[in-house]
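Chains as they are written, first to last, in the numbering used here: chain A, 83 to 548; chain B, 410 to 517.
For the record, the hints were derived by calculation from the structure and aren't laboratory data. Source: prediction; values computed, not measured. Please note that the accuracy of each hint is not assured.
One side only, chain B facing chain A, incomplete, derived with CB under 10 angstroms [what the hints assert, rightly or not]:
| no. | residue |
| --- | --- |
| 1 | L436 |
| 2 | M440 |
| 3 | I480 |
| 4 | E496 |
| 5 | G500 |
| 6 | L507 |
Result set (SDA-like, lysine to any residue): computed pairs, CA atoms no more than 20 angstroms apart in a straight line [claimed, not checked]:
| no. | chain 1 | residue 1 | chain 2 | residue 2 |
| --- | --- | --- | --- | --- |
| 7 | A | K178 | B | S487 |
| 8 | A | K483 | B | A438 |
| 9 | A | K483 | A | E422 |
| 10 | A | K483 | B | V442 |
The following label-pair restraints were derived from C-beta to C-beta distances [stated by the list, open to error]:
| no. | chain 1 | residue 1 | chain 2 | residue 2 | range |
| --- | --- | --- | --- | --- | --- |
| 11 | A | E115 | B | E416 | 52 to 62 angstroms |
| 12 | A | S347 | B | D434 | 37 to 47 angstroms |
| 13 | A | E417 | B | E416 | 15 to 25 angstroms |
Idealized CB from N, CA, C, for every residue including glycine.
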Amino acid sequence: MTAADSLERIRREESLDSGLNAFVSLAGVRAMETAVGSLSEVGRGTAGNERGVLGGRFVAVKDNLVTLDLPVTCGSNMLAGYRSPFEATAVRLLRKAGGIVVGKTNMDEFGMGSSTENSAWGPTLNPHDRTRVPGGSSGGSAAAVAAGYVSMALGSDTGGSVRQPAALCGVVGIKPTYGRVSRYGLVAFASSLDQIGTFGGSVHDAATLLAVISGHDRRDATSANRPPLSLADIVADPDAQGLAGITIGVPVEYFPDTLDTEVRSRTDRALYHLRAAGATVREVTLPNTDLAVPCYYVLAPAEASSNLARFDGVRFGQRVSAGSLLEMYQATRGEGMGLEVKRRIMLGTFALSAGYYDAYYGTAQRARVNIRADFERVFGQGVDLIFTPTTPSPAFRIGEKIDDPLAMYRQDIFTTPASLAGIPAMSVPIGSVQGLPVGGQLLAPWWEEVTMIQAARVLEATMNAS
Amino acid sequence: MSVDRAEVDRIAQLARLSLGDEEADRLTAEMNVILAHVELLRTVDSEGSRTTQLREGEEKVSVIQGARDEIGTPDPLSESPSTFAPEWEEGFFVVPPLPGVVAEDDEG
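Between the sequences and the hints, there should be enough to build the whole structure, so can you do that?
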């Protein structure tokens, strides 16, 4: 499909009343054609080396990653119409590898939400059932891949914002190890948790894009000094041995009585396939799992309350005029930010304030150490990977949880532990329930993305064949 | 622990957020529901099985790899801040005066 055809299809379908509202902004036809035309032999992939690996493929980018050619709004009125004067490292790398940026995708404001309903530009709809949410906060990227508008997309995952929408939209979503991908040019939400991740219609596509954007970057102090993921390792055909020699742990805490019965049965079926492919499956315990949601909803808001202090109407973004400096700050932030963002800034400011700091922030930091220690222990006992459901239920209805913040936060119960521990994790489609996709989550030890991705490819192949 | 409306108003001041009356009432109720859930964290230090797994003498509670010093330099900006600042004059960001401070132009 040419750039013009691709953009025309997105514009036509998105302009309908039933449009998904997956994109916040789209590249111009001329800009895309110029980008395609300017691809060198290397960029087109004809030279067969890693630089041309994306070879002119169309990629969507979450609207909290800055680019030079498109606005960046983070789903917020605060940044309406704002254009960045620099470009994110991940976007620069994907363009260098021959990827063509089609547009910026809708998201929960500043990444805060699990449904993409908290966007100043309206909710994104789930392509499988337009009365339901696509998940969030990277809901636009997941929906754009699921609808076939693009074959791959960038998102960001702070507590599950790539894996949960991937599960609800029936696509693959990968969150790498914290530090694997540079955060330079990712608008910060919670800096100790934020990590750029990738979506694809297949494990191969999501993993290829991840390899392209991985690697050390001196501009991000938390970027790990490691070489990029090896594309050869990632795209190599799964071992003929299947998963022989791989031990997969199944944590009992991820299968509570309240787990949706259909999600449980799809997860059991996926485990059957993993066993059939040669993996040894054994039960493990991660006893601090119940602390993850309360821990996350103290630490992430605390970091957010600090990071979002920059949106004050002084240097960039919107300003609401007022008589004094303090009134200008308050009016600008009060009008520019949506309710969920205010809720988290309030929670975070409270958790960091004098008299409450140790009771909330300090205790949550200690809980985080325990959550990480659970994974260290299990991975130290011969377990190579962990398998769980990605979400407790399939996609819920638009509006169903928006007025109940705690019910929304509990959607993140299976995704926040990996974020807090900093380990890689990904969601793979494992079937559907009445047309709604279900995702299975693979978790791996720090820096072991290749093992995780290879197991995901085996699972994908066996699920597709069954 | 719970918060009342006065505490919410105080936190909003600290956070530099103007909240409408209804919004502040709603946030008061919601924050209390969320804080009640967060109480679970207290089991970390009170239950024997949940004793913090910090090593002796470990002062800094961090689970991420040690961040190195800021040695990189950011990319040069493609455009001057004058193109995106809400108000810009002669190389400065312009803001309203602090309360009680009279702007220069207003002086007799």
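Consistency of the hints with the structure:
The beta carbon of L436(B) comes within 6 angstroms of a beta carbon in chain A, closer than 10 angstroms, and the hint placing it at the interface holds. At its closest, the beta carbon of M440(B) sits 6 angstroms from a beta carbon of chain A; the interface hint therefore holds under the 10 angstroms criterion. Taken as an interface hint, I480(B) checks out: its beta carbon lies about 6 angstroms from the nearest beta carbon of chain A, inside 10 angstroms. Interface restraint check for E496(B): the shortest CB-CB distance to chain A comes to about 7 angstroms, inside 10 angstroms, so the restraint holds.
Because the smallest distance between the Cβ of G500(B) and any Cβ of chain A comes to about 13 angstroms, over 10 angstroms, the interface hint for this residue is violated. For L507(B), the suggested interface contact is upheld, since its CB lies about 5 angstroms from the closest CB of chain A, less than 10 angstroms. Distance check on the hinted pair: K178(A) and S487(B) sit about 19 angstroms apart at the alpha-carbon level, within 20 angstroms; holds. A hinted pair counts as satisfied when its Cα atoms are at most 20 angstroms apart, and K483(A) with A438(B) qualifies at roughly 16 angstroms.
With a C-alpha separation of about 12 angstroms, the suggested pairing of K483(A) with E422(A) holds against the 20 angstroms cut-off. Restraint check for K483(A) and V442(B): the C-alpha separation of about 15 angstroms stays at or below 20 angstroms, so the hint holds. The hinted range of 52 to 62 angstroms is satisfied by E115(A) and E416(B), whose Cβ atoms lie roughly 57 angstroms apart. Between S347(A) and D434(B) the CB atoms are about 43 angstroms apart, so this pair conforms to the stated range of 37 to 47 angstroms.
Checking the proposed 15 to 25 angstroms range against E417(A) and E416(B) shows it holds: the Cβ atoms sit about 23 angstroms from each other.
The structure shown violates just one earlier hint, number 5.
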